[in-house]
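Peer 1: Construct all of the structure, not just a fragment, from the sequences and the given hints.
Here the working numbering is used: the first residue of the sequence shown is 14, the next is one more, and so on.
Watch out, some of these pointers could steer you wrong.
Ranges between beta-carbon positions, derived for each pair [unchecked claim]:
(1) 178 with 150: 36 to 42 Å
(2) 87 with 161: 18 to 24 Å
(3) 173 with 153: 29 to 35 Å
(4) 94 with 32: 58 to 64 Å
(5) 83 with 23: 25 to 31 Å
Pairs of lysine to aspartate or glutamate, EDC-like flavour, derived with a Cα cap of 20 Å [as the list claims (entries may be wrong)]:
(6) 89 with 67
(7) 89 with 104
(8) 180 with 77
(9) 180 with 167
(10) 89 with 167
(11) 180 with 45
(12) 180 with 24
(13) 180 with 50
(14) 89 with 115
(15) 180 with 109
(16) 89 with 77
Honestly, the hints are just simulated from the structure, not real lab data.
C-beta: ideal position from N, C-alpha, C; glycine also.
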Amino acid sequence: VPGSTTWMYSELAGIVADPLSVSQSQIVRAKEGNVYENVVGVSMVREGTMASGEFIDVMRGSDDLHSRIQTEVFRKLVVTANGGSKVPLTDAGVQELVAIVEVEIRRSIANDFIVESIETENAGQTVVIPGFEITADLVSSLPANQRAQRQAPDIRFQAVLAGAIHKVIIRGNLSV
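Peer 2: Here it is, written out as structure tokens:
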């Protein structure tokens, strides 16, 4: 499922790990490349990034979310028109489209791509806030030419990525 898994640590079935030296591995990874190597007896991908440096799961998850939102909004417009109706250029009509965006964001939450909520502190108190927000301007704020072209107001969202754990630091003290 796009966005639900990290490529770091992934084993590739039927692929033999490259016998790289530590230096060779570091050189490739310093250039945003990936290596498939044996680390303490486990053949695995390191780092799981694209040439841009972005993690593969983030790119796949964002591409998937974009595609699903586009597809489902288009489906809504087509199915409604072919059902003898329309999505009206009203605030209620825009909210029908906002609801589709929310469904797809919630699907990304279920896939561990986006976080549902974030715990933060405010004046010493733990506060839970949503991990995403969707907004759309009111239809009445649209310029006349945009309304004449039957273009809905922009629907915008912000969401926090769930990410993945790739590194762990554990500090401990032992004493007698």
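Peer 1: Each hint: holds or not?
Peer 2: Hints and how they fare:
{"no.": "1", "hint": "178 with 150: 36 to 42 Å", "result": "holds (38 Å)"}
{"no.": "2", "hint": "87 with 161: 18 to 24 Å", "result": "holds (22 Å)"}
{"no.": "3", "hint": "173 with 153: 29 to 35 Å", "result": "holds (31 Å)"}
{"no.": "4", "hint": "94 with 32: 58 to 64 Å", "result": "holds (59 Å)"}
{"no.": "5", "hint": "83 with 23: 25 to 31 Å", "result": "holds (28 Å)"}
{"no.": "6", "hint": "89 with 67", "result": "violated (32 Å)"}
{"no.": "7", "hint": "89 with 104", "result": "holds (16 Å)"}
{"no.": "8", "hint": "180 with 77", "result": "violated (26 Å)"}
{"no.": "9", "hint": "180 with 167", "result": "violated (38 Å)"}
{"no.": "10", "hint": "89 with 167", "result": "holds (17 Å)"}
{"no.": "11", "hint": "180 with 45", "result": "holds (17 Å)"}
{"no.": "12", "hint": "180 with 24", "result": "holds (18 Å)"}
{"no.": "13", "hint": "180 with 50", "result": "holds (17 Å)"}
{"no.": "14", "hint": "89 with 115", "result": "holds (14 Å)"}
{"no.": "15", "hint": "180 with 109", "result": "violated (41 Å)"}
{"no.": "16", "hint": "89 with 77", "result": "holds (18 Å)"}
When each numbered hint is compared with the structure, violations occur for hints 6, 8, 9, 15.
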